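Asker: One letter stands for each residue in the lines below.
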Amino acid sequence: MKTAVSALLSGFIFGLGLAVSEMTDPARVIGFLDLAGQWDPTLLFVMGGALAVTLPGFAMVQRQPRPLLAEKFTMPTKKEIDAPLIIGAAIFGIGWGLAGFCPGPALAALSTLSPSVAVFVAAMIAGQWLASRVELRLGVGVQTFCDDEG
Amino acid sequence: MVEANVVGGIIGGGLIGLASLMLLALNGRIAGVSGIVGGILTGSAGDRWWRAAFVVGLIAGAEVYALARGGLPLHMQAQGLGLIAAGLLVGIGTRIGSGCTSGHGVCGLARLSPRSLVATLTFIIVAVITVFLSRHVFS
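Listed in order, the protein sequences are those of chains A and B.
Following the numbering used here, the numbering of the first sequence begins with 1 at its first residue and continues without gaps.
Following the numbering used here, the numbering of the second sequence begins with 151 at its first residue and continues without gaps.
Read the hints as simulated data drawn from the structure, not as lab findings.
Please read these numbers as outputs of a predicted model, since none were measured by experiment.
In silico EDC-like pairs for lysine to aspartate or glutamate, Cα to Cα no more than 20 Å straight-line:
(1) 72(A) - 197(B)
(2) 2(A) - 197(B)
(3) 2(A) - 71(A)
Start from the sequences, fold in the hints, and give me the full structure.
Answerer: Printed below as a string of structure tokens:
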């Protein structure tokens, strides 16, 4: 219960950040990715602002013996740079470049009640489900894939 | 045409970082949105509540800002089948590649994870090539 409340609050601040930085607008994201167009560096400032907090913050938190509300840190265990990592990132990159939406901003943009955003999110969840079915069929550990880096 | 949103970007990015830091410090979890959503579908039962709560909070946070500012700018960049294909690719890719812009980008880079660095560079480079091909070559 406590972890649900803290997750709700964390999600709220995350969504607020996506809206304030206008990352919920695919035009901002495509503007960043379109180097041959009129380049929009906003995403770079967003990434910089986030890393300015997480780089020192994660180092401090990870020195603690355990999180405040849970028994342990659930951290990624995989270390090797393997084919699924690179192939998956590349597939994601194609979709990201086509629509200008990655998962966080797409979900946050649901708040606009735009049917197009809902279509994208439905397709995204279907894609995740599809990939997890294939992983099951191939006997690849489902948890190790998704839970890790998130 | 488009002016960079420097102040909004830095403040918004800082909020995203703060939210990620909170989830790690309180719940011991990585704030990777694709993983959090994926886990609602396939994760263990006891794990679903905090994941669903995060997603509800994410939408509510954007909604509250939209209400305060009279709406969010939204300019869709793909339509119809292209939009559906893009969604499928984002879902499949983030699942196979274990993460997206938040998990690999914001959190993974902060953990100094080589896997996340490789993933982040890969999806940014591929997305830049995709945008170039779709907007300047096959447009």
